[in-house]
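Given next are the chains, with one letter for each unit.
There are 2 protein chains.
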Amino acid sequence: MIRLLSIVSFAALAIAAPVTAQETEKPEFPSPNAIVDAAPASAWVKIAPSDLLVMDLAPDAEGNPRRVVIQLMPAPPSYGWIGNIRKLATAHWWDGTSINRVQDNYVVQWGDASEEKALPEGLETVPESEYVQRFRATDMEEAKRQIVAQIPELAGSLIDDMMRKQMGADSYAPSNVHMGGWPTALDPNVGERWPIHCYGAVGVGRNLSPDTGSGAELYTVIGHAPRHLDRNIAVVGRIIEGMEYLSSLPRGKGQLGFYEDASKRIPINSIRLASTLPESDQPRFEYLNTEGESFAQYADARANRRDPFFIKPAGGADICNIPVPVRRVSGK
Amino acid sequence: MIRLLSIVSFAALAIAAPVTAQETEKPEFPSPNAIVDAAPASAWVKIAPSDLLVMDLAPDAEGNPRRVVIQLMPAPPSYGWIGNIRKLATAHWWDGTSINRVQDNYVVQWGDASEEKALPEGLETVPESEYVQRFRATDMEEAKRQIVAQIPELAGSLIDDMMRKQMGADSYAPSNVHMGGWPTALDPNVGERWPIHCYGAVGVGRNLSPDTGSGAELYTVIGHAPRHLDRNIAVVGRIIEGMEYLSSLPRGKGQLGFYEDASKRIPINSIRLASTLPESDQPRFEYLNTEGESFAQYADARANRRDPFFIKPAGGADICNIPVPVRRVSGK
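Chains as they are written, first to last, in this note's numbering: chain A, 30 to 361; chain B, 30 to 361.
Heads up, some of the hints might be wrong.
Below, a list of computed lysine to aspartate or glutamate pairs in the EDC-like style, where the Cα atoms sit at most 20 angstroms apart [claimed, not checked]: (1) B:Lys282 with B:Asp141; (2) B:Lys293 with B:Glu159; (3) B:Lys341 with A:Asp216; (4) B:Lys75 with B:Glu315; (5) A:Lys282 with A:Asp133; (6) B:Lys282 with A:Glu273; (7) B:Lys293 with A:Asp310; (8) A:Lys341 with B:Glu159; (9) B:Lys293 with B:Glu270; (10) A:Lys341 with B:Asp141; (11) B:Lys341 with A:Asp89; (12) B:Lys282 with A:Asp89; (13) A:Lys293 with B:Glu273; (14) A:Lys282 with B:Asp216; (15) A:Lys116 with A:Glu246; (16) A:Lys341 with B:Glu157; (17) B:Lys282 with A:Glu270; (18) A:Lys293 with B:Asp89.
Just so you know, these hints were derived from the structure itself, not from any lab.
If we strip away everything but chain A, and leave its shape as in the complex, we get (with noise of 0.2 angstroms):
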């Protein structure tokens, strides 16, 4: 919610800790990656191994292997599908599946595609309800609540003119925030919000309604964001690291870019829990926090570019062109 402070740009600037930026920037206006190098070690998350999946891939041609981390939404909207999916891990369901479909500019699916490998029992069918989480008013009260906590210079009616004029609308939605390191979609009219499909979004594969899919069939978003599917189809998680092993992989020549030739799938060695495996095989993530001011000042350099190379800032910033900053770091 709060990266509604992201926006509150300049008061946020003005009383934020010094940022230290490249010699190679006007110190007053480091740029987007600068803002995110000097940020503390405070203002990172850290994502626990129970919610990243790891993915390995047949090796490439020339031997290299191919790993590929999702990093799982850890609270609601979407939590069925998520149980489902670890259910999947744990069974090693995936373990000689493949990459089935590659669409330029739409998704990279994986999964059965014999579609007839049997599912491991006690999985949930989820109901399409959940492809939203119901908002509460009192959670919209409890934002402004902590952000002029944070920034006393915002109370009274000024924070509810940042909030009307500043939360990101779009085609698709009232207002775009980050909340809890995820991009979200709110209507605060139905009392709706939902997870957004950015580029790396990762999604649960269905046919015709009622079916919500299992989460046996999975894709990941590698072109424009299709929010078309936002509220259509559940979204789980996102690519972490590797996202490149997906997005640069021959796109199919089938219909809806599925590979004619079986031949061209990519086999999938594995899909694990991280926390299934051996502690020193885990690998481990950290994400900005959404809610800190290093966020704010990243999320405010992103829609107002100042460094050198910009010439016009666009003064705003569609919510997928501020991906949460996420890095691996080593240790527990």
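We have chain A already, so just place chain B on it with the hints.
Below, chain B without anything else, positioned relative to chain A:
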């Protein structure tokens, strides 16, 4: 401009010619593709061969040819750079250069990796003012007249109301409209119009301002629309065929996605204006007239997906999610 029409959804549909839908679809709710497939021949506009660049990359590892076709914008803004590009192609300047940069979710860039190759005589130094086109208020009035001529029901204040409400606004522009076959942004407040960095857009690399680039260094967008580049770099065209040969290239491992290892660069055998090729080798393309009813219906269907897969139409669409349909045709 009259993508506005696109927006005048139900009104336009009500008076439009019936559309032949595929049997598998509810005939009253054809998919965007079905609308395009059913568009009459008169809805398509031929692209002049002098507005097409044909880029032949070295064949891939299996010996398959890789031809990419770029459509140049036929009208201002950006005309200075496009003039330079015609000269560069005529001088065969790009032959023997290469693709040097592939940055995931951003751009593929090509040109002279040595940065030492002499440019042809007579290239123009284009001023930054040409990133945009000055927009005359009378254009808006003319657009309204054209709409009302086609849909008399919109006469009077209704057309003003529609335009105010429905021109797709976002964080990057007060309004976004398709004009003359291209996605453009408009700011009536400052009287400016500029082309949009959608997926597949082709732009002109440059150094720090006041440099604006000559047109010798080009890039295309292979990820989410980087709209913060709008008005900061010249957009000169778009990829209309062979995009997959660029978007699926291995990502560069160097800074900004440059190939650190020169052997990874992809050689460019030649770039030619299609009009200078032997007539039998000239590709022919046409695009769906963005000022016509078929495009209006298509855009409306992209914004309000009613085909069977969708359960919740978005009610709007990012202009980059309404790509202008382009198709290859035979003969002249």
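Against the earlier hints, flag every one the structure doesn't satisfy and list their numbers going up.
2, 7, 9, 10, 11, 14
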